[in-house]
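*Asks:* Chains as they are written, first to last, in my numbering: chain P, 278 to 609; chain W, 278 to 609; chain C, 278 to 609; chain L, 278 to 609; chain F, 278 to 609; chain G, 278 to 609.
Rather than coming from a laboratory, the hints here were simulated on the basis of the structure. In this text, all values refer to a predicted model and were calculated from it rather than measured experimentally. Take these hints with a grain of salt, some might be off.
Just so you know, same-sequence chains aren't split out, so a pair can sit in one copy or run between any two.
[Unchecked claim] Mimicking SDA-like on lysine to any residue, the simulated pairs with C-alpha atoms at most 25 Å apart in a straight line are:
| no. | residue 1 | residue 2 |
| --- | --- | --- |
| 1 | K542 | F338 |
| 2 | K302 | A460 |
| 3 | K514 | S414 |
| 4 | K301 | T575 |
| 5 | K427 | A279 |
| 6 | K309 | N568 |
| 7 | K415 | F609 |
| 8 | K514 | Y486 |
| 9 | K380 | Y535 |
| 10 | K326 | A411 |
| 11 | K349 | E485 |
| 12 | K336 | R585 |
| 13 | K336 | S313 |
| 14 | K542 | D576 |
| 15 | K280 | Y535 |
| 16 | K301 | R365 |
| 17 | K347 | S516 |
| 18 | K380 | F291 |
| 19 | K514 | G564 |
| 20 | K509 | G490 |
| 21 | K514 | P372 |
| 22 | K514 | R410 |
| 23 | K286 | K567 |
| 24 | K509 | R410 |
| 25 | K567 | V304 |
| 26 | K590 | F398 |
| 27 | K302 | D576 |
The residues making up each chain are set out below.
6 protein chains.
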Amino acid sequence: MAKQLMDLKLDEEFELYVLLKEAKKRVAKNGKNFISLVFQDPSGQLPGKYWDASDQDIKQFVQGRVVLLKGKRENYMNAPQVRIMAMRLAREDEPHDPLGFVKRAPMTRTQMQEIINQTIFEITNATYNRIVRALISKHSDAFFTYPAAKSNHHDFAGGLAFHTISILRLAHSVVSQYDGIDAPLLYAGAILHDLGKTIELSGPVATEYTLAGNLLGHLSIMDAEIAEAADKLGISKDSQDLILLRHMVLAHHGLLEYGSPERPKILEAEILHHLDELDATIMMIQGALKNVDPGEYTDRIFGLDNRRFYKPKPTVNPENNKSGQPSQSQLF
Amino acid sequence: MAKQLMDLKLDEEFELYVLLKEAKKRVAKNGKNFISLVFQDPSGQLPGKYWDASDQDIKQFVQGRVVLLKGKRENYMNAPQVRIMAMRLAREDEPHDPLGFVKRAPMTRTQMQEIINQTIFEITNATYNRIVRALISKHSDAFFTYPAAKSNHHDFAGGLAFHTISILRLAHSVVSQYDGIDAPLLYAGAILHDLGKTIELSGPVATEYTLAGNLLGHLSIMDAEIAEAADKLGISKDSQDLILLRHMVLAHHGLLEYGSPERPKILEAEILHHLDELDATIMMIQGALKNVDPGEYTDRIFGLDNRRFYKPKPTVNPENNKSGQPSQSQLF
Amino acid sequence: MAKQLMDLKLDEEFELYVLLKEAKKRVAKNGKNFISLVFQDPSGQLPGKYWDASDQDIKQFVQGRVVLLKGKRENYMNAPQVRIMAMRLAREDEPHDPLGFVKRAPMTRTQMQEIINQTIFEITNATYNRIVRALISKHSDAFFTYPAAKSNHHDFAGGLAFHTISILRLAHSVVSQYDGIDAPLLYAGAILHDLGKTIELSGPVATEYTLAGNLLGHLSIMDAEIAEAADKLGISKDSQDLILLRHMVLAHHGLLEYGSPERPKILEAEILHHLDELDATIMMIQGALKNVDPGEYTDRIFGLDNRRFYKPKPTVNPENNKSGQPSQSQLF
Amino acid sequence: MAKQLMDLKLDEEFELYVLLKEAKKRVAKNGKNFISLVFQDPSGQLPGKYWDASDQDIKQFVQGRVVLLKGKRENYMNAPQVRIMAMRLAREDEPHDPLGFVKRAPMTRTQMQEIINQTIFEITNATYNRIVRALISKHSDAFFTYPAAKSNHHDFAGGLAFHTISILRLAHSVVSQYDGIDAPLLYAGAILHDLGKTIELSGPVATEYTLAGNLLGHLSIMDAEIAEAADKLGISKDSQDLILLRHMVLAHHGLLEYGSPERPKILEAEILHHLDELDATIMMIQGALKNVDPGEYTDRIFGLDNRRFYKPKPTVNPENNKSGQPSQSQLF
Amino acid sequence: MAKQLMDLKLDEEFELYVLLKEAKKRVAKNGKNFISLVFQDPSGQLPGKYWDASDQDIKQFVQGRVVLLKGKRENYMNAPQVRIMAMRLAREDEPHDPLGFVKRAPMTRTQMQEIINQTIFEITNATYNRIVRALISKHSDAFFTYPAAKSNHHDFAGGLAFHTISILRLAHSVVSQYDGIDAPLLYAGAILHDLGKTIELSGPVATEYTLAGNLLGHLSIMDAEIAEAADKLGISKDSQDLILLRHMVLAHHGLLEYGSPERPKILEAEILHHLDELDATIMMIQGALKNVDPGEYTDRIFGLDNRRFYKPKPTVNPENNKSGQPSQSQLF
Amino acid sequence: MAKQLMDLKLDEEFELYVLLKEAKKRVAKNGKNFISLVFQDPSGQLPGKYWDASDQDIKQFVQGRVVLLKGKRENYMNAPQVRIMAMRLAREDEPHDPLGFVKRAPMTRTQMQEIINQTIFEITNATYNRIVRALISKHSDAFFTYPAAKSNHHDFAGGLAFHTISILRLAHSVVSQYDGIDAPLLYAGAILHDLGKTIELSGPVATEYTLAGNLLGHLSIMDAEIAEAADKLGISKDSQDLILLRHMVLAHHGLLEYGSPERPKILEAEILHHLDELDATIMMIQGALKNVDPGEYTDRIFGLDNRRFYKPKPTVNPENNKSGQPSQSQLF
């Protein structure tokens, strides 16, 4: 594989296509403009400063564009950065699709579509089935390419669908273990619960909150989408099925303090909330553990009350005597 | 005016048309059924027990029906109650409209319609104007007859519109006092903020929460109604006006803990929240103060963190000497 | 099956062996002693009063004894109760084992032992394996017969082991879905997490908290048991494995406010906390839903912040036209 | 109007009279003293450093003095600052009154006195009237020149009186809208509620908290002032009027957590708390909105739980066809 | 000692002078008035009902009067009560001072005065000394006879002074153990901290909150008293000593949520808060423990977050062998 | 006494033995390694940077070593630091014991041992006595040399024993003042309450939390130690004495939020919690007050909810006239 940003060594010079993840105009001490940049490719990201920026530079080097960057990897204040030697926009005949430069879900879109397809077959209730089909179809491009969050967990292209699928897998386990769960409702709620993020967020590249995202939030956005879809499908607003499905979406944050206007009031909504939290928690901890060595603690994880987590050292197996072995005998 | 429930004296016998506010089937110690009733007319309410109820009795004497009640006002455990001597359903040619037996707002529907009409003229923004018109028309009967709550404040027929109008009056004061407020947005938000209660609650008589009320809440209900109305009026879902108006409704409880999925993020939403709270607070305290004598404390008010309020005794003016008089001189 | 307490009709006379779940001496208005009793069999429980109790009666009719009860099922204040006609202790040759009269887990002890056995084989880490074996052996009788709580969830004989097994099943699902989880640690923690309840609680019949339960709690009780077991097995107190395993137990309530002296600081402890909460939550909601009809709300559930849950009515399938059917077509 | 600090351009040289808002002695890397300064005039403020400060410089260039400053407006770390070229204290015959260099309320003292005067006439209760007169007279200079806060809202000269008058205007609206409010008590409470800030704060220039402000707070300070004034006016300590008025002041922060030793226990105290909060909130949001462009969010507002507020873009009126116009027709 | 209320046995007839601790007019089921009474003497209290009360009865048998009661001790609903056989007011020549019928502090007034006297000598700071003298003199009767609370801790005649003295004893220990504490300030603050209760409460008999108590609280009441006393003694309002002393009183509840408008900001105020809490806590627990047998738990203690406390059983000394004895050997 | 770090003046050159309190490898802007150091002796600490560090330097100059440092005291960004001129490890024949370079408790180990000895004699209960002896013996070296915390209060060598002794002194005062306290239990609990810090912390020099400290906490660590010690001493796990003693340790943080798995449920545990908090609070405030001048406020104290404390100015005695003197007359 070609060299990427994270492969560079100190003082190494390079020429790479990279995405401008951030680009902010600033005024330097000498009164001239410069652009404060963050470069990104699937391996990670590095900051850099483009000095003495002309008006033309400021206009073209904006967040979300792909550039051909010639530079040197340096160190500043103990943190790595890029010294920019030359930079120009990528041409049409070069790699220039921003989506090629962001981290991606560990499943292809086709794989994920297949799983969603199969799950929809299991949604045997007509109301849930028709609404899910209508809304997934309407938002399918965004659903399979957007991240599940601007930062925190599943903050990579395809993260939204991947997170949804992860919850569906847990939901299948729960359905098979406990009696009396309305599986179609649980699956339909799981598929729709975060779908409003396709409107709350700006997209997979240089992700920001939209105005609707900031002022309405993805719960209310999707709730209104469901009501509207039902209206168009001729489903009555008083239908219990419709109310339950809307409740699944509105209640999935579990607590009012977390932005759900209602706490879960049906079993399936309570379960969805737990599975959502479980999956997000595991992803956040695993993500943080990747960055530290065994025997160390992670940085504080914002989404988990700023807790640190410990990465255990490999167990040294005790000497090879009998008392130090796990017993193979039957206990009962 | 004819005698009403609250006019009755201890041991007084009477014959009155009254509403069955509550009617619950119970089993007595002797194994027979009886009906636990609450009678209501605009003056107030009294409980009573209908013993040895037949299946026919249980079927006809249900919550929300008007009856001709012959009884005697007695005392039980320090609380007044009715001993039922005879009871039958009111006939078509007698007073039988339940709405005639509940407390009512201190304004007529015509007066309230007039004020809403005038305010809509002041909503000069086309988006707000058209959505408000569409939704008030759609829900107008309920809007002018429903209470604003099952209990707490404005729990009388027409209370929803009356509360709305009260907030509009405060809003006009604020708009005239402070610069830079978007008056059409504030008025539109005020009119719509509680309109979802027409779906959240069951009606003006024997008011209960509906399933949608319990599982979705009036904020999300109205939010979806606005989105749907906008869709039908051809207003884009990305329109800033639409997003702001939905935000007014979603944010009006002010805090996530109070059921708003977003806290106010525009000036007008913050103001609406404060005026809503102020009007409800004054209504709750005034209602509680009515029931106590000067020098006493009210019962604990649930909606105000269970606080009690003191009703001051009339000020006894100090004797008529100069030092005891408010000065009439100019201070500055 | 023989008639049980919950099968009795109003005014039905009966003679049954039942357990005295509660027995409290009281003084009646006439100054004589009576015993306030709660009778229990696997079908449920009913209260009754044993009037004019002699000293001998008070001495023998104590909580936890099985009696032959001759009585009549009556109603008092809308609640069913037993009028006691005659009552004597069950003899040795009659059913007299209290365990025969309490609700039981839906699995036999043998089935549960088998699952624990299999799981221990999967605990391939020697430290975890040996400690789990030692402690499960030491407390095995209690582990397989105690409830998981005095009330709330899994409050039936065998509930402790059943709850543990339920978590183990969820844990297996999680291990198979996510990479990088230390399965032996997760399974060992799951088996031990509530084992301290065998000391915290008094037993499967007429369950009470012990002094150690009240003053130490089952987390600290089991933590000390693990340390002691390790000491006897020659495992160093500084061993990372030992510290991690103790942490699994101490942190499993997740929050300091819930009695964990440390919040989870390793991935497996965080997962265990979530699975524990998920299983308990489902059990509590399912238990409450059993007592209500479709379309109704449960009583408030103490262990779930006093929330009520709605039991949906069966979905009425829309008429058999195409638009009302779940689609069978492929979405993608 | 003469040039002011905020009118200066990058690299512009200037000579202006300005106030030293802050002046702190520091030691430079070279071991010599310098003075870290903040210059202020009614247009705003700018920082600067006075290098190589002699003992004489340190003694004369202190917070609260007016200086003639010769300097150049530069940029440092993206923030504007002043390079000091020369600086001397303003002479008696030059502008040297610090009050001339701070932001001021948008009303003159005379206008504000007039409004307070009129309101006192409406305080027809002798006790309230006499106490208000006594205390406003005692503190009148400070009342009309102090800010209402060190920072946050109304942090300008005259802000205390202006905030008080703003609340009085709202109070008049409320009195005219609702029955049963004791207007004299509400107005008297409104005038006195923050008057303790004349002792809590050091003054309108370079405002700091005094020792009494820090250790007692303006609520307790004014409460004791009222008690003392009543004593001197011969008003009994047990007078209900006196107790109510003291309660208005003590309870106006509404919650114990906000420093009120008692929550409001009379209607007027509850209303005063709401109006105080409403006025402060509007002022804080309006102040923050002034600093951002339409379509942007304000900085986090400390006094409003660190929330950001959105400044909407001007509504683009839809094309001039009928459906896009606010309707002029009568709704009812 | 003469027989008292708590000495009576079931069905015992008696004739005793007792205090009417509570007396509330009620209407009986038959429509006639009765008085619901609580009788009190130093041994405890018993309820009783005075049936068919005439207007004259209602007028004379009021809370706080001493009566000669002829009655019989009965049982009602498992709780003891008095059946009143005859009752009249105590005459001037009989025991009729209510103070003779309430529980009293375990020290005489003279003893307590002596301790306060001695402590004042240790208050060597002139400001503290003079203010303490002035206020203790002004309120001395109430200070030595009032309880420290209506219920909770020190709810007996003289409890206020006794609680104060208890804190002074702890304060002396702290002063002797730690350097750098301003002892005069600590002692002065301790003496004054609850003195406002002489105005907050109605007195030692049938204690209620006064209007000032309810609307101002004893912290603000005493704060204003100190300010006024200082004014009369010619002590400047800006005196640091005065501000510190007022702060001691205002901050002694420690937290805003507990009614202190300021948290402690000097060492002595923080210490006073801790000692106040410690003394009250010990008194509440000891009081509750008195009512239960060893091996049992107390009722929930309201003032201690509704916790129950365990009363240990006496330690059974292990058999008299060496290993069971506390060692007499030197450890180091 | 020889010169120490805190005695150095700006620009003074020196040669001193000092401890490396912290030593962290960093990469400089030029790509070379340097070591970021904190030097410590009993007078205090100063930072410094060791530039161009060789691998050998990095290996030897680690945290916890004593070095002979030749340097110059400079200023950087208003903060003092050391410019390193030369540095080498201290030799065996030079001062090289790290313990000689940290702050120490104001009592010798011998003095503290003596007090612990005497207290153990007062622990007349055999169970408490034997467990305390066993555990103090086991951990005596650490108990008398460790600090009580990494930072906050008693963060000096011997601080753990000193804090324990301070609590014991307070406990003696409380025992002598109040009846009914189990003194042996209180003293035993006080001695053991923080003893787990000998395992939670790494030692008196360059103190860090151990893995057990982070994942178990000193409460659970000591709880398990007590259980184990009891087991070895043949004390039954069900012994009330043992359970009470373990509860003393587990409950001493007072609140679940502070890491106690149980709140205090016996009088002695509640008292221990209060005394622990009182001693820690006084130490923290006194420590902070030492660093500021009279009339100033301390920095925010993390362990006290980030409060600042005021250090009063010395009282200026009022002029020598009679009214300004503390009265010498008897008050009562």
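*Asks:* The structure should be examined with respect to each hint, and the outcome stated for every one.
*Replies:* Hint-by-hint comparison with the structure:
1. K542 with F338: neither (50 Å within a copy, 31 Å between copies)
2. K302 with A460: Neither, since 51 Å and 36 Å both go past 25 Å.
3. K514 with S414: both (22 Å within a copy, 18 Å between copies)
4. K301 with T575: between (30 Å within a copy, 18 Å between copies)
5. K427 with A279: So K427 and A279 fail the 25 Å test inside a copy (27 Å) and across (48 Å) alike.
6. K309 with N568: between (37 Å within a copy, 23 Å between copies)
7. K415 with F609: between (57 Å within a copy, 12 Å between copies)
8. K514 with Y486: Close across copies (16 Å), not inside one copy (30 Å); limit 25 Å.
9. K380 with Y535: neither (28 Å within a copy, 38 Å between copies)
10. K326 with A411: neither (46 Å within a copy, 53 Å between copies)
11. K349 with E485: neither (29 Å within a copy, 39 Å between copies)
12. K336 with R585: So K336 and R585 fail the 25 Å test inside a copy (41 Å) and across (28 Å) alike.
13. K336 with S313: Within one copy only: 13 Å inside a chain, 38 Å across chains, cut-off 25 Å.
14. K542 with D576: between (36 Å within a copy, 12 Å between copies)
15. K280 with Y535: Neither: 42 Å inside a chain and 50 Å across chains, both beyond 25 Å.
16. K301 with R365: within (17 Å within a copy, 40 Å between copies)
17. K347 with S516: For K347 and S516, the Cα distance exceeds 25 Å both inside one copy (61 Å) and across copies (42 Å).
18. K380 with F291: For K380 and F291, only the intra-copy Cα distance (21 Å) is at most 25 Å; the inter-copy one is 53 Å.
19. K514 with G564: The answer is neither: 42 Å in one copy and 30 Å across copies each exceed 25 Å.
20. K509 with G490: both (24 Å within a copy, 22 Å between copies)
21. K514 with P372: neither (49 Å within a copy, 34 Å between copies)
22. K514 with R410: Classified as both; 18 Å inside a copy, 20 Å across copies.
23. K286 with K567: Answer is within: at 20 Å inside a copy they meet the 25 Å cutoff, but 47 Å across does not.
24. K509 with R410: Both: 13 Å inside a chain and 22 Å across chains, each within 25 Å.
25. K567 with V304: between (37 Å within a copy, 22 Å between copies)
26. K590 with F398: between (45 Å within a copy, 23 Å between copies)
27. K302 with D576: Classified as between: cross-chain Cα gap 19 Å, same-chain 30 Å, threshold 25 Å.
Of the hints listed earlier, those the structure fails to meet are numbers 1, 2, 5, 9, 10, 11, 12, 15, 17, 19 and 21, in rising order.
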